[in-house]
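Visitor: Fit chain A to the supplied structure of chain R, relying on the hints for placement.
Chains as they are written, first to last, in numbering that gives the first Met the number 0: chain R, 0 to 282; chain A, 0 to 282.
These are calculated hints, taken from the structure and not from any lab test.
Quick caveat: nothing in here was measured; it's all calculated off a predicted structure.
Treat the hints with care, as some may be off.
The list treats identical chains as interchangeable, and a pair is accepted whether it falls inside one copy or across any two copies.
[What the hints assert, rightly or not] Calculated pairs, DSS-like style, for lysine-lysine (alpha carbon to alpha carbon, straight line, at most 25 Å):
{"hint": "1", "residue 1": "Lys166", "residue 2": "Lys103"}
{"hint": "2", "residue 1": "Lys202", "residue 2": "Lys254"}
{"hint": "3", "residue 1": "Lys103", "residue 2": "Lys165"}
{"hint": "4", "residue 1": "Lys97", "residue 2": "Lys167"}
{"hint": "5", "residue 1": "Lys241", "residue 2": "Lys61"}
{"hint": "6", "residue 1": "Lys165", "residue 2": "Lys61"}
{"hint": "7", "residue 1": "Lys254", "residue 2": "Lys265"}
{"hint": "8", "residue 1": "Lys44", "residue 2": "Lys103"}
{"hint": "9", "residue 1": "Lys19", "residue 2": "Lys254"}
{"hint": "10", "residue 1": "Lys97", "residue 2": "Lys242"}
Number of protein chains: 2
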Amino acid sequence: MNLQTYLTGRKEMIDRALAKFIPPASAYPAEIHRAMRYSLFPGGKRFRPILVIASAEAVGGKARQVLPAACAIELIHTYSLIHDDLPAVDNDDYRRGKPSAHRKCGEAIAILTGDALLTLSFALITRNTQRNGVSDSTVIHIIREMADAIGSSGMIGGQVVDIRRKKKYTRKEIEYIHAHKTGDLIKAAVRTGAILAGANPAKLRNLTEYGKNIGLAFQIVDDAHDVDEEKNAPNYAARFGKKASLEKMQDLVRKAIMKLTPFGEKGDMLKQIAEGIALRFPS
Amino acid sequence: MNLQTYLTGRKEMIDRALAKFIPPASAYPAEIHRAMRYSLFPGGKRFRPILVIASAEAVGGKARQVLPAACAIELIHTYSLIHDDLPAVDNDDYRRGKPSAHRKCGEAIAILTGDALLTLSFALITRNTQRNGVSDSTVIHIIREMADAIGSSGMIGGQVVDIRRKKKYTRKEIEYIHAHKTGDLIKAAVRTGAILAGANPAKLRNLTEYGKNIGLAFQIVDDAHDVDEEKNAPNYAARFGKKASLEKMQDLVRKAIMKLTPFGEKGDMLKQIAEGIALRFPS
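So here's chain R without its partners, still in its complex pose (with noise of 0.2 Å):
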């Protein structure tokens, strides 16, 4: 299947799934219901819960399976971005073409918009994932792996070093913010639809890398189109040069797709993927 076909079509089924499993919009209280639509539709590329059932079906799972996993994972990443965006974080007035949660709903909603966020996406993870044939040990495996991937040493961790508003950040720093303030939700993302589709321990330590990788590599590409936007910034291009960069990315895809030979046919659609992620490094 083309890409682009796939990404269109597993798109609008999470969106059709997060618009049923969000409450609706009039909920009490309104003002933080309609804020939760607001942040989430229309939203980006839904990424990260594609990555979910691209992964699941890499191993034979099906994507109906892992919706709910998948809507929780674009839950986490909502609830980060509002956060990220708040005056006293990242002060950002826009996210994805409009006015940004606190700049729309006004800051203290924004706060608990995002926190409610995070909150309704462990019970998505709880409510939904046992009716597909998936184990009580395995959700609470998931959401084990799902709360430490976020939490002080995961995705939060890594937001906690990229505001430290350094003059030059090292090299170490760098690293660590990528490999966790994006790099581990995305791992997540993989490691979830491949546990829940039932993967063998060695097909997940593959997935387990191909997700690494691209993760490192989404991150990179990230970072060229943002290189003269903010000095400061622990930028990948900005310190180490764009072609240095580029080389760092394409290295990490060539073993993110190496890592995907035991699933043969079945592991194209993360193939694509991850030449995707290469093909948006700017020129």
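Guide: Chain A in isolation, oriented as in the chain R frame:
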């Protein structure tokens, strides 16, 4: 046992467990792990985790068995205080007799610390309750209940209505705030202890009613202490008078205690805790 002796003993048990369950202050990145400990220690009365334990004991369970869940509830409570104190929300500079998290660590770290505590609370429930003979499906049940109790139609919903900053709140709004902003977590604490200790449906129903009633009573007492603090706050005593508050609170405590009849002597601590709430009403 004397109430004070009981509370002191249980508080020490909880403090020790918390110190063990959360990452060391030196864990990388240190600024957030220091902030997590700063907000957690020294804590308040540990009222909510003590309720988890006392509720488990009322149905024949052991404190040790429910400690991880009790600590998870204290993390949730602490996260909610940190976010409530933020300049954009209640703008409180002091908490538990020292500078609030954002005054001490800065706003960005305070936001992320709240996020990290909320996230860790879910990890804690999955990580520790299985060892104590609690089934996986019960762990999932607890996680789901907790996420609902503290979500956009629970604790966060109550906070959303609380910050409407209206000239005059309706009775319905004030009751909604009480039931959800403080009540839902207190009720969840009581239910969590009971469910983990294997309460039968009849006893769980009684303890749920107990939790609901003391949650409301607790907030009415708090409001009676804060009555002069802010004119536009949705304060029960300010709105309905101190006499009506006292009567309502006494009625709630009476109802709570009545629900303990089937527990006999085992319910004595919960009874004393309810009486202790009534004694805190300012004269």
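Visitor: If a hint holds in the structure, say so; if it does not, say that too.
Guide: Taking the hints in turn, this is what the structure says about them:
no., hint, verdict
1, Lys166 - Lys103, "between (32 Å within a copy, 23 Å between copies)"
2, Lys202 - Lys254, "within (15 Å within a copy, 57 Å between copies)"
3, Lys103 - Lys165, "between (30 Å within a copy, 20 Å between copies)"
4, Lys97 - Lys167, "neither (31 Å within a copy, 33 Å between copies)"
5, Lys241 - Lys61, "neither (39 Å within a copy, 60 Å between copies)"
6, Lys165 - Lys61, "neither (45 Å within a copy, 49 Å between copies)"
7, Lys254 - Lys265, "within (18 Å within a copy, 61 Å between copies)"
8, Lys44 - Lys103, "within (21 Å within a copy, 38 Å between copies)"
9, Lys19 - Lys254, "neither (37 Å within a copy, 39 Å between copies)"
10, Lys97 - Lys242, "neither (32 Å within a copy, 50 Å between copies)"
Comparing the model with each earlier hint shows violations of hints 4, 5, 6, 9 and 10; every other hint is respected.
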